[in-house]
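Participant: With the sequences and hints as input, model every part of the structure.
From first to last, the protein sequence lines stand for chains S and D.
Residues are numbered in the working numbering as their position in the first sequence, beginning at 1, plus a constant of 126.
Residues are numbered in the working numbering as their position in the second sequence, beginning at 1, plus a constant of 53.
The set of hints was computed from the structure by calculation and includes no laboratory data.
Please note: incorrect hints may appear among the correct ones.
[Said to hold, decoys possible] As a list, the in silico DMTMM-like pairs of lysine to aspartate or glutamate whose alpha-carbon atoms are at most 25 Å apart:
1) S:Lys232 with D:Asp353
2) S:Lys215 with S:Asp490
3) S:Lys498 with S:Asp556
4) S:Lys280 with D:Glu229
5) S:Lys215 with D:Glu100
6) S:Lys280 with S:Asp161
7) S:Lys238 with D:Asp350
8) S:Lys238 with S:Asp490
9) S:Lys211 with D:Asp353
10) S:Lys386 with S:Asp334
11) S:Lys232 with D:Glu229
[As the list claims (entries may be wrong)] In silico negatives: residues of chain S with every beta carbon more than 12 Å from chain D:
12) Pro282
13) Ala307
14) Phe408
15) Gln420
16) Thr542
17) Thr546
[Stated by the list, open to error] What the simulated footprint calls covered on chain D by chain S, stretch by stretch (three residues with Cβ under 8 Å from a Cβ of chain S suffice, anywhere in the stretch; the number is not a length):
18) 197-210
19) 213-225
20) 295-309
Even glycine gets a Cβ: it sits at the ideal position worked out from N, Cα and C.
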Amino acid sequence: MRSTRTGAGFLALALALTACGGAGESDGGGQQAADSAVGVTKDTVVIGSHQPLTGPAAPGYSKISVGARAVYQAINDGGGINGRKIDYKVEDDGYNPTKTVEVVKKLVLQDKVFAIVGGLGTPTHSKVVDYLNSEGVPDLLVSSGALAWDNPQKAPMTFGYQLDYAREGKVQGKYIKDTFAGKKVGYFTQNDDVGRDTQAGLDQFIKDQTVARQGYDSANTDVTPQLSALKAAGAEVVVCECIPAFTALSILAAAKIGYKPQFVVSSIGADPATLSGLLQDFAKRGGASVSSGQLLNGLIGTGYLPDVAQTSDPWVAYFKGIHDKYIPKEPLTNTLFYGMVQAYTFGQALKAAGPDPTRQKIVDAMSSGALKGPGLTPFGFSKDSHSGYTGAYVFKINPDTTTTVIQQPAVTDRGTGAITPYSGERVTPDQVNLLGK
Amino acid sequence: MTVRTSVPETAVATAKKKRVLPPLLRHVLFALAAFAVVVVLTLVTDEFTNLRIATIGYYLIAVAGLTLLTGLTGQVSLGHGAFMFIGAYTVALLVRRVPAFPLWADLLLASAAGGLAGLLAGAAAARLRGPYLAGATLALAVGLPALTRRFQDFLGGSNGLSFTVHSRPSGIAVPELRWQTWIVWLSVLIALVLVVNVVRGRLGRDFRAVRDDEVAASLSGIAVGRTKILAFLISAVCGGLAGGLQAFLLGTAAPGSFTPALSLSLLAAVVLGGLGSLWGALWGAVALVYFQAWSEDLADVLHLNTDVANNLPLAVYGVILIVVVLAFPRGIQGGFQRLRGLLRRPAEKKENNEKH
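Facilitator: See the structure below:
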């Protein structure tokens with residue numbers, strides 16, 4: 127009898143302790159003082175990132191932080207930013223959201239980072255945006271094209287980086303409408319916000335041309351049914367909003383069933399170097415050998431950073447110099463380049479934050495709109511917008527897997543605004559002169 | 054007659070003298086002491102270590118549940134991550150859709166939802182054994198998270214759900230993570246008291262009887278099928294609670310967190326800690342959290358090539374598992390027991406010698 131009463135008392139105590147108020151009721155989540163300089167010392171700035179170094183997203187994406195690290199090394203060897211070296215801590219989250227929350231808390235609480243830079247992935251990073259904002263930690267240049275990062279009211283510390291999926295869909299839709307007028311179009315999209323947001327953009331232009339919509343889950347690598355459905359619907363143009371592995375799988379599946387549509391692929395899955403590697407690899411596993419040049423020839427893609435094969439571009443030449451000096455053994459792909467540009471952009475923001483950077487100062491520097499970098503379209507950063515790149519150019523892959531620009535860069539907004547050609551001047555590496563000396 | 058009755062009476066009297074406290078009270082007192090230890094530990098460590106302590110907490114209850122199922126009842130489950138998935142999504146949905154519900158109700162419902170799923174799985178499991186059972190539970194772990202893609206709007210698709218749980222009363226000036234750690238451990242210890250009571254009681258004996266020999270068990274009047282289902286139920290309640298606590302602690306529920314690898318690592322933790330021992334569950338949970346952290350630190354210190362460093366934690370975990378199983382087949386707890394046996398034996402011998 128006595129023991130049950132004790133048990134009941136224990137339970138009651140537990141209930142009382144947790145009973146105060148509903149678990150979901152918001153208490154306003156007051157933002158902490160942003161103007162702190164955690165992670166900044168006389169000679170270093172500690173920053174962190176979460177990346178999929180293992181797990182399903184690791185092939186390809188694990189190289190982004192390799193490129194970024196090389197740029198930070200170059201910056202540090204040049205004396206750092208305002209005399210401070212950048213200490214770049216990368217935590218592996220294996221593309222597992224639970225792990226992301228854990229490692230980001232580790233970076234913030236234990237490593238005491240100044241900012242999180244380039245956290246990768248929508249399912250992963252979306253779980254830490256609230257935390258970083260309530261702790262007042264700058265959350266810069268998120269590696270994902272979701273629209274969620276552009277929300278200055280609710281997430282004042284978070285800034286995007288890459289072109290968002292809605293804008294990219296619009297640019298693609300307009301291009302297809304202009305170039306392939308009257309042709310039947312089919313969508314092949316990833317079943318998450320990548321697919322949802324791009325379709326919203328595409329539909330503004332080619333909704334009445336569209337004859338089929340197919341989706342894929344990244345867990346299922348057999349895409350033949352979807353491609354067969356697109357073929358059956360008579361789609362002459364297939365818009366593929368896919369990660370690299372699924373672009374490659376779609377191309378192979380189409381070839382297998384004798385289907386030759388015009389592929390239009392978004393920037394996340396249109397890196398020729400990565401695609402050729404994957405095509406060879408997948409074909410070999412299936413016991414066949416393919417010519418990736420032949421398969422990729424004529425594929426249309428969108429991009430916002432210069433292609434690494436364009437060695438005449440001043441920024442490609444500049445980053446190739448850093449690549450050759452620090453990571454010569456890594457193949458120079460657009461994915462690696464993506465990480466290098468991202469790191470460089472952070473360096474620029476840190477420099478703009480002045481000789482005594484604080485968290486508020488770097489957020490101000492980001493939203494000042496003054497940040498201009500290697501991209502072919504401008505950033506959307508301002509007081510009211512935390513969008514990364516705001517437009518894209520259209521390119522075509524040649525038989526030797528180099529690319530040719532077939533439509534000059536154009537910019538747009540994430541809503542229903544017009545698409546306008548962008549003719550702004552790009553800055554050159556010498557003008558930015560981040561490496562000092 | 055008189056002689057016969059007098060013997061048990063004395064036996065009862067001596068037993069009473071030896072154990073003054075009834076088992077439930079003893080377990081409650083022990084849990085209170087453990088909670089005090091946890092509170093002290095969180096007070097002397099930094100916030101991030103608090104998070105790790107809390108992580109050990111929810112893994113502990115998940116592993117303890119699995120220990121009860123696998124170690125005590127002899128049913129192998131490769132799908133315990135699925136029950137954590139159910140618990141996590143229950144808390145996520147309740148926090149988002151019914152914000153007025155207090156946390157304890159959310160957690161109770163998460164446990165109940167896990168239990169319900171366990172009841173259904175258990176009903177099927179009672180008819181299966183060995184590899185068939187393992188296969189069926191593995192299917193659960195693979196299949197359930199795919200529900201999120203089927204019901205994108207409700208369950209958030211592959212991005213899952215994120216939310217903020219407000220549990221700390223405004224009057225208490227404790228860092229959020231520390232408070233959360235206390236809540237996690239309080240819930241875990243309450244659940245453990247109940248589990249320990251089951252294990253030490255009649256039902257626990259039934260579990261062991263079923264594990265050792267089903268025919269003998271049913272001959273002695275134990276309803277084998279019902280016992281197996283009950284074991285599954287209790288185990289799944291623990292899994293649901295663990296998932297609910299994880300969601301509460303991290304503010305997220307996403308399918309990417311509940312891969313078959315999670316279920317397998319839970320089972321590995323059971324084996325590593327010591328099959329069938331609840332203390333073993335604690336060592337298993339500690340291992341799950343700290344082996345990974347240590348091997349990551351090790352990789353950092355050694356400045357390894359990134360491809361090696363990235364995969365080192367898994368490799369280290371595997372090697373330790375193999376070594377422990379080879380050296381101590383009964384897991385870490387078995388190792389401790391053997392050590393204690395070795396230390397005690399000489400002392401006992403000495404005592405005996407003195408008595409004679």
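Participant: Run every hint past the structure and note whether it holds.
Facilitator: Results of checking the hints against the structure:
1. S:Lys232 with D:Asp353: At roughly 15 Å apart (the allowed maximum being 25 Å), aspartate 353 of chain D and lysine 232 of chain S satisfy the hint.
2. S:Lys215 with S:Asp490: holds (23 Å)
3. S:Lys498 with S:Asp556: holds (13 Å)
4. S:Lys280 with D:Glu229: holds (21 Å)
5. S:Lys215 with D:Glu100: holds (19 Å)
6. S:Lys280 with S:Asp161: Answer holds: lysine 280 of chain S to aspartate 161 of chain S is near 18 Å, not above 25 Å.
7. S:Lys238 with D:Asp350: Distance of about 16 Å is within 25 Å: holds.
8. S:Lys238 with S:Asp490: With Cα atoms ~21 Å apart, lysine 238 of chain S and aspartate 490 of chain S stay inside 25 Å; holds.
9. S:Lys211 with D:Asp353: holds (19 Å)
10. S:Lys386 with S:Asp334: Holds. Lysine 386 of chain S to aspartate 334 of chain S sits at ~22 Å (cutoff 25 Å).
11. S:Lys232 with D:Glu229: Holds, because 15 Å separates the two Cα atoms, which is no more than 25 Å.
12. Pro282: Fine: 16 Å to the nearest Cβ keeps proline 282 of chain S off the interface.
13. Ala307: Holds, since 33 Å exceeds 12 Å.
14. Phe408: Check passes; 21 Å lies beyond 12 Å.
15. Gln420: holds (31 Å)
16. Thr542: holds (23 Å)
17. Thr546: Since the minimum Cβ distance to chain D is about 32 Å, threonine 546 of chain S lies beyond 12 Å and the statement holds.
18. 197-210: With 4 residues closer than 8 Å to chain S, the segment 197-210 of chain D meets the three-residue bar; holds.
19. 213-225: holds (count 9)
20. 295-309: holds (count 7)
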